[in-house]
Amino acid sequence: MNGGSILAVTVADKYAPSKKNRFVGICIERNNEGLWSNFTLRNVIDKTAVEVNFELYNPTLLSIEVLLLEKRLDQNLLYLRDAPLSESHVPFDFAPVPHEKGAPVPINDKKVKLLPRPWHFQWHLHGYRGIDSESLYNQLNKNELLKIKKKIEFVDRYDLMKMYRSRNTPAEENVVMGEVSLQHTELLRHADFLKGHWRNGVADSDSTSSPYKPESS
Numbered sequence: 001m002n003g004g005s006i007l008a009v010t011v012a013d014k015y016a017p018s019k020k021n022r023f024v025g026i027c028i029e030r031n032n033e034g035l036w037s038n039f040t041l042r043n044v045i046d047k048t049a050v051e052v053n054f055e056l057y058n059p060t061l062l063s064i065e066v067l068l069l070e071k072r073l074d075q076n077l078l079y080l081r082d083a084p085l086s087e088s089h090v091p092f093d094f095a096p097v098p099h100e101k102g103a104p105v106p107i108n109d110k111k112v113k114l115l116p117r118p119w120h121f122q123w124h125l126h127g128y129r130g131i132d133s134e135s136l137y138n139q140l141n142k143n144e145l146l147k148i149k150k151k152i153e154f155v156d157r158y159d160l161m162k163m164y165r166s167r168n169t170p171a172e173e174n175v176v177m178g179e180v181s182l183q184h185t186e187l188l189r190h191a192d193f194l195k196g197h198w199r200n201g202v203a204d205s206d207s208t209s210s211p212y213k214p215e216s217s
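Going by our numbering, the first residue of the sequence shown is number 1, and it counts up by one from there.
These are calculated hints, taken from the structure and not from any lab test.
Accuracy of the hints is not assured; some may be wrong.
Derived DEER-like restraints, expressed as beta-carbon distance ranges [claimed, not checked]:
#1 Thr185 - Gly34: 51 to 59 Å
#2 Asn32 - Ser63: 16 to 24 Å
#3 Leu62 - Ala103: 24 to 32 Å
#4 Asp132 - Thr185: 52 to 60 Å
#5 Ile152 - Lys14: 51 to 59 Å
#6 Gly34 - Glu134: 38 to 46 Å
#7 Lys142 - Lys101: 47 to 55 Å
#8 Asn53 - Glu134: 39 to 47 Å
#9 Lys151 - Thr60: 36 to 44 Å
#10 Lys14 - Lys101: 35 to 43 Å
#11 Ile152 - Asn108: 21 to 29 Å
#12 Glu186 - Ala103: 53 to 61 Å
#13 Asn108 - Val155: 35 to 43 Å
#14 Glu134 - Glu179: 47 to 55 Å
From the three backbone atoms N, C-alpha and C, an ideal C-beta is built for every residue, glycine too.
My request is simple: use the sequences and hints to build the entire structure.
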């Protein structure tokens, strides 16, 4: 499941008349792995936002239905807490949308507008792409905008791909590598010359300084 998908989860509930309960909502977050995996669904009931967290390996969990498979621009949609309730509303009778097996998961590039401040979180500091930029940055003061700029500059210091992309063009690299190759060839030639000179010098010294002399007949 992906953040943004619409799910219907049915769990056992001994207090319910049918002994089970069904909740429909948008998946806004998924955490952990293995036995600790859990996800959170959000919906609006009677003009009130409701979030329910489900443990994936909870024995009371009876079924998980994917009514609409899609993903948003961000891994989580926690910023829906500071968005209009209409952004989180899903009808409980939402009809399943078929998804062809093996087909890629569609991406919903919708931008969500935030409500006026105060917010639950400083969304502007975490690079969310699914938030409408005008509703986000138009509510920030100069100090907050400066804080964002400093954070970007700090991150850029360790952005290896950005450093790579900001280097010379391929044409300039070819010129530089050609000069390096030429210098490397000259160094190898000079090294071969020194090796030959050294070998000749050793051979000459061995022939002149040998303590053994041929016997005269």
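Cross-check of the supplied hints:
1. The hint said 51 to 59 Å for the Cβ distance between Thr185 and Gly34, and at roughly 57 Å that hint holds.
2. Distance hint for Asn32 and Ser63: a CB-CB separation of about 21 Å, consistent with the stated range 16 to 24 Å.
3. Under the hint 24 to 32 Å, the C-beta atoms of Leu62 and Ala103, about 27 Å apart, fit the expected range.
4. At roughly 58 Å, the beta-carbon separation of Asp132 and Thr185 lies within the given 52 to 60 Å, and the hint holds.
5. Between Ile152 and Lys14 the beta carbon distance is about 53 Å. The supplied range of 51 to 59 Å therefore holds.
6. For the pair Gly34 and Glu134, the supplied restraint of 38 to 46 Å holds, since their beta-carbon distance comes to about 41 Å.
7. Between Lys142 and Lys101 the CB atoms are about 52 Å apart, so this pair conforms to the stated range of 47 to 55 Å.
8. The supplied range of 39 to 47 Å is broken by Asn53 and Glu134, whose beta-carbon atoms lie about 32 Å from each other.
9. Restraint check, Lys151 to Thr60: a C-beta distance of roughly 43 Å satisfies the suggested window 36 to 44 Å.
10. Hint check: Lys14 to Lys101, Cβ distance near 36 Å, so the stated range 35 to 43 Å holds.
11. The supplied range of 21 to 29 Å is met by Ile152 and Asn108, whose beta-carbon atoms lie about 26 Å from each other.
12. For Glu186 and Ala103, the Cβ-Cβ distance of about 58 Å falls inside the hinted range of 53 to 61 Å, so the restraint holds.
13. Taking 35 to 43 Å as the suggested C-beta distance range, the pair Asn108 and Val155 does not conform, at roughly 27 Å.
14. A beta carbon spacing of about 50 Å between Glu134 and Glu179 agrees with the range 47 to 55 Å that was offered as a hint.
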